[in-house]
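So the protein sequences, as listed, match chains A and B. Each residue of the first sequence is one higher than the one before, starting from 1 at the first, in my numbering. Each residue of the second sequence is one higher than the one before, starting from 249 at the first, in my numbering.
In short, the hints are calculated from the structure, not lab data. In this text, all values refer to a predicted model and were calculated from it rather than measured experimentally. Just to be clear, a hint being listed does not mean it is correct.
As the list claims (entries may be wrong) - Calculated cross-link-like contacts (lysine-lysine; reagent style BS3-like; alpha-carbon spacing at most 27 Å):
#: 1; chain 1: A; residue 1: Lys186; chain 2: A; residue 2: Lys31
#: 2; chain 1: A; residue 1: Lys160; chain 2: A; residue 2: Lys8
#: 3; chain 1: A; residue 1: Lys121; chain 2: A; residue 2: Lys186
#: 4; chain 1: B; residue 1: Lys466; chain 2: A; residue 2: Lys137
#: 5; chain 1: A; residue 1: Lys76; chain 2: A; residue 2: Lys8
#: 6; chain 1: B; residue 1: Lys466; chain 2: A; residue 2: Lys110
#: 7; chain 1: A; residue 1: Lys240; chain 2: A; residue 2: Lys220
#: 8; chain 1: B; residue 1: Lys302; chain 2: A; residue 2: Lys76
#: 9; chain 1: B; residue 1: Lys466; chain 2: A; residue 2: Lys121
#: 10; chain 1: A; residue 1: Lys186; chain 2: A; residue 2: Lys84
#: 11; chain 1: A; residue 1: Lys240; chain 2: A; residue 2: Lys178
#: 12; chain 1: A; residue 1: Lys160; chain 2: A; residue 2: Lys121
#: 13; chain 1: A; residue 1: Lys137; chain 2: B; residue 2: Lys463
#: 14; chain 1: A; residue 1: Lys110; chain 2: A; residue 2: Lys84
#: 15; chain 1: B; residue 1: Lys463; chain 2: B; residue 2: Lys409
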Amino acid sequence: MSDQAFVKVENLTKSYGDDIILQDISFDMPKGNVLVLVGPSGCGKSTLLRCLNGLEEIQGGAIFVDGFQIDGASAKELRQARLKIGMVFQRFNLFPHMTTLDNITLAPMKLLGQSGQEARKNAMELLEMVGLPDKAKAYPCNLSGGQSQRVAIARALAMKPELMLFDEPTSALDPEMKEEVLNVIKRLRTEEHMTMALVTHEIHFAREVADRIMMVADRKIVEENDAESFFSNPQEERTKQFLRLISH
Amino acid sequence: MSYNFQFNVINEYLPYLMEGAWFTIRIGFWSIFYATIIGLILATLQMSHNRFLKICTVIYIDIFRTIPLVVLLIWIHYVLPIFIGTSFTPEQSAILALSLNGGAMASEAFRGGLEAIPLTQMQASYSLGFSHFGTLRYVVIPQAVFSTLPPLTNVYITNIKNISVTMIIAVPEIMFRAQEVMVQTFRPLELYTAAAIVYIVLIVVFSYAMRFLEKLRKWEPI
Numbered sequence: 001m002s003d004q005a006f007v008k009v010e011n012l013t014k015s016y017g018d019d020i021i022l023q024d025i026s027f028d029m030p031k032g033n034v035l036v037l038v039g040p041s042g043c044g045k046s047t048l049l050r051c052l053n054g055l056e057e058i059q060g061g062a063i064f065v066d067g068f069q070i071d072g073a074s075a076k077e078l079r080q081a082r083l084k085i086g087m088v089f090q091r092f093n094l095f096p097h098m099t100t101l102d103n104i105t106l107a108p109m110k111l112l113g114q115s116g117q118e119a120r121k122n123a124m125e126l127l128e129m130v131g132l133p134d135k136a137k138a139y140p141c142n143l144s145g146g147q148s149q150r151v152a153i154a155r156a157l158a159m160k161p162e163l164m165l166f167d168e169p170t171s172a173l174d175p176e177m178k179e180e181v182l183n184v185i186k187r188l189r190t191e192e193h194m195t196m197a198l199v200t201h202e203i204h205f206a207r208e209v210a211d212r213i214m215m216v217a218d219r220k221i222v223e224e225n226d227a228e229s230f231f232s233n234p235q236e237e238r239t240k241q242f243l244r245l246i247s248h
Numbered sequence: 249m250s251y252n253f254q255f256n257v258i259n260e261y262l263p264y265l266m267e268g269a270w271f272t273i274r275i276g277f278w279s280i281f282y283a284t285i286i287g288l289i290l291a292t293l294q295m296s297h298n299r300f301l302k303i304c305t306v307i308y309i310d311i312f313r314t315i316p317l318v319v320l321l322i323w324i325h326y327v328l329p330i331f332i333g334t335s336f337t338p339e340q341s342a343i344l345a346l347s348l349n350g351g352a353m354a355s356e357a358f359r360g361g362l363e364a365i366p367l368t369q370m371q372a373s374y375s376l377g378f379s380h381f382g383t384l385r386y387v388v389i390p391q392a393v394f395s396t397l398p399p400l401t402n403v404y405i406t407n408i409k410n411i412s413v414t415m416i417i418a419v420p421e422i423m424f425r426a427q428e429v430m431v432q433t434f435r436p437l438e439l440y441t442a443a444a445i446v447y448i449v450l451i452v453v454f455s456y457a458m459r460f461l462e463k464l465r466k467w468e469p470i
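This is chain B alone, in the form it adopts within the complex (with noise of 0.2 Å):
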């Protein structure tokens, strides 16, 4: 292959293909937030007695882990409006798409560390004296945090990756601007590799945090 690479042309549009960088961390930052929030409420009224409530989260969950991200986001962004009267910026239809997504998927990784925890422990708490609530604030939930980091991790990844998608709808995450720069300079191998670039380091910074956090974890399960 004799290709010449030029990596002046990333250079020159550097901080134009920054700001697409950080609107990548932003959209992620907000969207994991509000995934997480999501699925934990998912994940609390899944362990109530309400087959009400249940039903509502396992409706939930089944509409958007089936949706593909693709017609979720198009969906959100130019047919939402017609029904509501308001659109979105293409950022916060992205946010929108991707927490609603990512929260089906993360309060499956919460159900998860919930239920790994076994019922004697809560028994153990019973027969102390404890509430069901104070059971799960003091015994189940403080062991749950760290039992669910790990598929709560690759949730959180997937979410990362899929911010890249968003540019279907304009979103000017840095896939989105590597293409414009591309389009103007015709310098496809140096921009789509740059984009690569950021999202290796973004996600394996993001991965090595957590791990920082599951390392927090002074006891071993027994």
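Isolated chain A (complex conformation) (with noise of 0.2 Å):
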């Protein structure tokens, strides 16, 4: 099993209207591995992201996430497989008419079929986990962007998912912030063995928690190698130049 993909792209294609956002895209994605997507802003990274978990309908080619084709498929069979892949945005998009807690045991509860008490018990552990324990009765208005996103990443984690998907998790934060959830991040690889995809400019962070980085620009994967040789030793020109314009 460790050597299939748990998560394989083919020739994906993705335009809006006649504008061509991604082409002819393919990578694999072996369970527990960590998979870090840089490039360009606008080159649709995080559009790629969004693909594999349904959220954009892509054009052509397939995407199989474990075993089962996420385009094409119906709208029962993409919420079951959405039950398996957490995601965490840019702007944390919790819901702000829910305390901390609620947030978190919302989905266990209704989609999972957990008791309430079974969901807060979960939620509280992951709280304690990403650090915020003391912030379960909180409403996401008073909370920071850092605690924010922690607590996004603790509601997709109450999912028990296999895949965790993150789109530029700390775009949105002061550098303080950055490095809370950066930490959480760096903790679910080393002692959960998270498969992960995500999109971040972090580089630093995409050196030290990567096994593969993919680069993307002008459509497509400019460059994919593991996390040391891609920034010691870069093939192409574009991610030259593009590590060139990074470092500074």
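Join these two chains into a complex; the hints should help.
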């Protein structure tokens, strides 16, 4: 199982009308692997991530997660597949009308049939893990950005996903708060061996956490390599140019 | 101005006038009740993906938002019975006209409230595995209830004020009763002032009640 692809993307094409965003994208992710997507703004890496849980429809190719085909799935099948895929957004997207605890327990109770007691117990454990047990009763409006994002991670983890998608999880945060969120993601890797796909601009973090790095630009995968080689020995001119720009 | 207010005329006809005020409250209650139901149905249909239903709601809203209330009242009370063979009491006609008109207005308030919820909220809900219906139920509507209240309050206040217009089809609400008594007593200043005060009190109490509902929200939108 370990060498088999947990996520498999084959010849994916994504366009809005006549506007082609991504063309002929193919890659694999083994289970327990951490893939980081980098690339210039607007290159479609966030869109690619959102295709993986079916938030975006694709115009060509196929996406498989744990053997299940995401594209073309019925609404009901897609909901089943999404139970196993957690997603964390750039702007947190917590539900503002619910406390932290309710944000985390809503989906496990309504979708996994957990009892309130069970869901709350799990939620408190997750809040411990992200370092926010004292914020259980707080509403999102009273949380800082970093706290909100850690709650959002806990909300996704409460569904016990097998794959986590992070869409620029630290882009909306102050440097200090970035650190607290990145630490949680690092722990997910080292302690839970979570399969993760991340879009980020934090290059140092990417180097630290990624098994593989994929550079997306001009609608396609420019270069894909293991993290160390990607940074120390980039092959493509486009990658070198990008790395020069962001290292300033 | 050397006008001598003689408010004892109000005292003298108080039960009769209060009955008018009670009519106003009753018509207000039922027309707001039905307008809310019509508004909710229209807003829900407008959010659906069915084009035919969408077009129907647009036609409804365009018709009942553009017909002046006086025209609608007279049409329902005097013209509609010719078509359907039965006539309405003035009170029924008034509630019907105000509900149809208020429903169109309320649906716009509901739509605004629903559309004010960012798309990202729905995406977060979908990504957890919720259906469209579950997303509306747990995420969108609980938030929209509160974002809808301020515009809805305006719609309802207009509705209450419009009750005074129903005097043209002889609905015995407070304004109509005030006029009746005035014809007998020649005390327009006292009586119309009293009618005005009844409307002011009703609307002030109503808007405080709505503000109280708004304050039940313990969270802030982000």
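Quick rundown of the hints versus the structure:
Proximity of Lys186 of chain A to Lys31 of chain A is assessed by CA-CA distance (about 16 Å); at most 27 Å being required, the pair is judged to hold. Straight-line distance between C-alpha atoms of Lys160 of chain A and Lys8 of chain A comes to about 21 Å, which keeps the hinted pair within the 27 Å bound. A hinted pair counts as satisfied when its Cα atoms are at most 27 Å apart, and Lys121 of chain A with Lys186 of chain A qualifies at roughly 23 Å. A threshold of 27 Å between alpha carbons decides the hint, and for Lys466 of chain B with Lys137 of chain A the separation of about 12 Å falls inside it, so the pair holds.
Between Lys76 of chain A and Lys8 of chain A the CA atoms are separated by roughly 21 Å; this keeps the pair inside 27 Å, and the hint holds. Among the hinted pairs, Lys466 of chain B with Lys110 of chain A is consistent with the structure: their alpha-carbon atoms are about 23 Å apart, no more than 27 Å. Simply put, Lys240 of chain A and Lys220 of chain A have alpha-carbon atoms about 16 Å apart, close enough for the 27 Å limit, and the pair holds. A threshold of 27 Å between alpha carbons decides the hint, and for Lys302 of chain B with Lys76 of chain A the separation of about 25 Å falls inside it, so the pair holds.
For the hint linking Lys466 of chain B to Lys121 of chain A, the alpha-carbon distance of about 24 Å falls within 27 Å, and the restraint holds. Distance hint between Lys186 of chain A and Lys84 of chain A is fulfilled; the C-alpha atoms sit about 20 Å from each other, no more than 27 Å. Between Lys240 of chain A and Lys178 of chain A the CA atoms are separated by roughly 26 Å; this keeps the pair inside 27 Å, and the hint holds. In summary, the hint linking Lys160 of chain A to Lys121 of chain A is supported, as the alpha carbons are separated by about 14 Å, within the 27 Å threshold.
For a cut-off of 27 Å, the pair hint linking Lys137 of chain A to Lys463 of chain B stands: about 19 Å separates their Cα positions. Of the pairs offered as hints, the one joining Lys110 of chain A and Lys84 of chain A holds, with about 15 Å between alpha carbons and a cut-off of 27 Å not exceeded. As the CA atoms of Lys463 of chain B and Lys409 of chain B are separated by approximately 25 Å, the hinted pair is consistent with the 27 Å bound.
This entry satisfies every hint, going by the numbered hints stated previously.
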